[in-house]
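For the protein sequence lines, the chains are B and D, in the order given.
Per the working numbering, the first sequence starts with residue 13, numbered consecutively.
Per the working numbering, the second sequence starts with residue 13, numbered consecutively.
Bear in mind the hints are in silico, worked out from the structure with no lab data behind them.
Everything numeric in this text was worked out from a predicted model, so none of it was measured.
Do not rely on the hints blindly, as some may be mistaken.
A pair holds if it fits inside one copy or across any two, identical chains being indistinguishable in the list.
No farther apart than 30 angstroms at their CA atoms in a straight line, the calculated lysine-lysine pairs in the DSSO-like style are these [as the list claims (entries may be wrong)]:
id : residue 1 : residue 2
1  : Lys230    : Lys206
2  : Lys29     : Lys69
3  : Lys434    : Lys389
4  : Lys168    : Lys315
5  : Lys57     : Lys434
6  : Lys283    : Lys42
7  : Lys261    : Lys66
8  : Lys228    : Lys29
Protein chains: 2
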Amino acid sequence: MDSNDISFLDNVLDIVKAERTDDVPLIRFKHPKELEEILDLDISKGVDDVQLDKCVKQILEYSVKTHKPTFKNQLYGGTDPYGLSGAWIAEAFNTSQYTFEVAPVFTLIEIKILKHVLYLFGIPDGDGIFSPGGSISMFYGLVAARYKAFPEVKRKGIRNLPELVIFTSEDSHYSIQKAAHWLGFGTDNVMRIKTNECGQILINELEIAIQKEQAKGKHPLFINATAGTTVLGAIDDLNAIADVCQKYKIWLHVDACWGGSLILSETYRQKLSGVERADSMSWNPHKMAGAPLQCSIFLVREKNLLHEANSASAQYLFQQDKFYDVNYDTGDKSVQCGRKIDAFKLWMMWKARGDSGLDQLANQTMAVAELCLEIIKNREGFKLVNERLQCPNVCFWYIPKFMRGKNVDEKWWDLVHKITPKIKELLTLSSRLMIAYTPLRHYKNFFRLAFTFHPIANEQQIVEMLNDIEECGEMVTPNML
Amino acid sequence: MDSNDISFLDNVLDIVKAERTDDVPLIRFKHPKELEEILDLDISKGVDDVQLDKCVKQILEYSVKTHKPTFKNQLYGGTDPYGLSGAWIAEAFNTSQYTFEVAPVFTLIEIKILKHVLYLFGIPDGDGIFSPGGSISMFYGLVAARYKAFPEVKRKGIRNLPELVIFTSEDSHYSIQKAAHWLGFGTDNVMRIKTNECGQILINELEIAIQKEQAKGKHPLFINATAGTTVLGAIDDLNAIADVCQKYKIWLHVDACWGGSLILSETYRQKLSGVERADSMSWNPHKMAGAPLQCSIFLVREKNLLHEANSASAQYLFQQDKFYDVNYDTGDKSVQCGRKIDAFKLWMMWKARGDSGLDQLANQTMAVAELCLEIIKNREGFKLVNERLQCPNVCFWYIPKFMRGKNVDEKWWDLVHKITPKIKELLTLSSRLMIAYTPLRHYKNFFRLAFTFHPIANEQQIVEMLNDIEECGEMVTPNML
């Protein structure tokens, strides 16, 4: 096929549409070895378009339909169809976001979106960048904080600096561990502070930990507050943490990758109160808000810091003798060289819906989660992990009939711990529901239902999910475990 | 629009097709401020589908058509239409590549592709991962090397290690500087070794530098060899560097982001001889081979190293009590958490074309570059930077008539330095050609034409590009500079 012959894209549209009909199952689970047997994945010999079409259809048959309301396995799900449209255009226009000359409009769009998002989060004079995911956004925060405190780190490295310490809650995202390794801090320098039952960092424990590290002669550099923990959806007390940061002169980063979408709701954005005091923060519109993967935003309060910290001034790319205003060549702020135009899909969603449309979706999402919480609270056999809704996460156990009314001791909990994944297995194998489960701290394996903008679940769908959990839960017998 | 209503995708297909007709210009350049005036980018208020369609069309009108043969501004260009089909499917299926359960087929496809690519590069027992771009792939290499030499770095950080030194050529990609900063080495510990005229690292200079750093008590950790430098397309003598690495026990990384696509050609792959001795390497199929942005592969010789170095064992995601073989949950090898299924678009290209189809495209690309070199060598007014073709990069100056036959002194070269960007400006403003220019070492600003698989240029197109350069070159007068 010639480079300009994009006729196969017609097939793609048809294939995608066919896979979105209601009767297509969520998942046709096969074990890895079985799947390897079924599929023709060999690439050494080429095939014609008819054969390729057949192969692709088979691949998609066995792929998970993440757009279905029964896909509740992760903190993302269906995509906003406008966002998907933007993603397709971005792919078709194959553009790297580093210089104005190759990405004139997309550069302006990124600037526009960032300005609006900075304004919403109450950091109107800040700066930002789109990054390939929340983990890399966390890296950006740590690099910015370290550079601000010790600008010589860029040339001299971390070796001659004091021992730098990072504080985060025990419920926070694991990417901070990967960042501590990669960026040279070492994971031993990540202090994981205890949380309360709801998953919020304990402020007094945080302060004690800071004092302890200072007493050891270490330098507290960075506090990572979380607005929406991965499992419980906890939002740390951002104002209290900001006070601590101010008192001890520590950088405040807010990981709002999950909960940041609540900023879109006029009703619920007060849950993020204090975020406007952050030195840096991250938000992933590809999670709750349904932008196609990946769409992650890193924001920083100090205007020129991203450029100062990250620029390498490559002369083949960021020439200063260009014929236009090179302040619009924004790529040297990035740790990447080539960079996808992730801002465009978010722009499409926002342009189509406006602030008010997104506000409505955020409110609906929270309303559905509240409804789900209420239903579970009152339904026999279901037990909530906690009753307070922070983000649209609802966490609970299913207790099969044979276990109810029994003595709730360690052995009983050990059984729950084994039953939860078994129920998940049955739900998956029967294609009823893909749901997340995990242990957390002293909590044994439980389920997490997290709701997103797309698709908005309704009451009937929630009840069906719970019915399915109950049905599969009642299939579990002790000798299966 | 409801989440399941993907009707706007029909518009997208039409819009994309309309923007690919021959009479659509490469670029309608406007300066940033002018463009801001023209476009309606405001997102605070939503618009209906008709208005959105209009806005999108206007955005695309002013966007660069990177699929045109006259887009020669970067090391990427048009996309493989099969790759684009794969990218669209990947977006529509919105899947993160971390666990088998959410990405069953895509996981197997990534494994399949990596195995094939490892085999091609002569590292059949190695491991690999898709990363968001060549810069991050470079980070992976440095992290792997450091962890292999000092596994305690993961917990303890870089602070208690000896001073680690990195070696690279002066023509190598700037991402190594960003990596040195982010990863805590410091850019002062990047030793930039001189190259020969063709852009290849000088082996004796490299060895002298290693000895010098050792004498200072520093630890030479990592040599970055380049297979396809950004500007000249130089391929370092990989075997000679591998010998040095062996002698001094230093990690060999090969940055083959650009030149790695030559592995697809049975004829030209010998240019990469020695790459099979690398400890790690990177290749960006999104550059020469035309996979849509981004598609970058990092490979490492030691099988379990990626997992050991990068794993954080998040219990909510990589549970060990799942009902399937969790060895297929490959995400903990990655520095990212959510990760796009970039392997799929490459799989589509490869499945459609097979090894032989890609071999043919690579050969055609090199043939076009050779032809271009020959034409330029023999054309008056054009002066090659060097006559040796390594990758399909052709670098040259245009010397306007008024400068020919004059005394070639520093002043003459200063004028060339100013003329080159002026010609580029005229080419861009008239939408004839977008071409890269840069200075390099002692070379004053020159042009780079780099050829890619899509679209394959023909002789007529090459001659037209050179005619356009000549015409614009003759418009330049000294008082314009």
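Out of the numbered hints, which ones does the structure contradict?
5, 6, 7, 8
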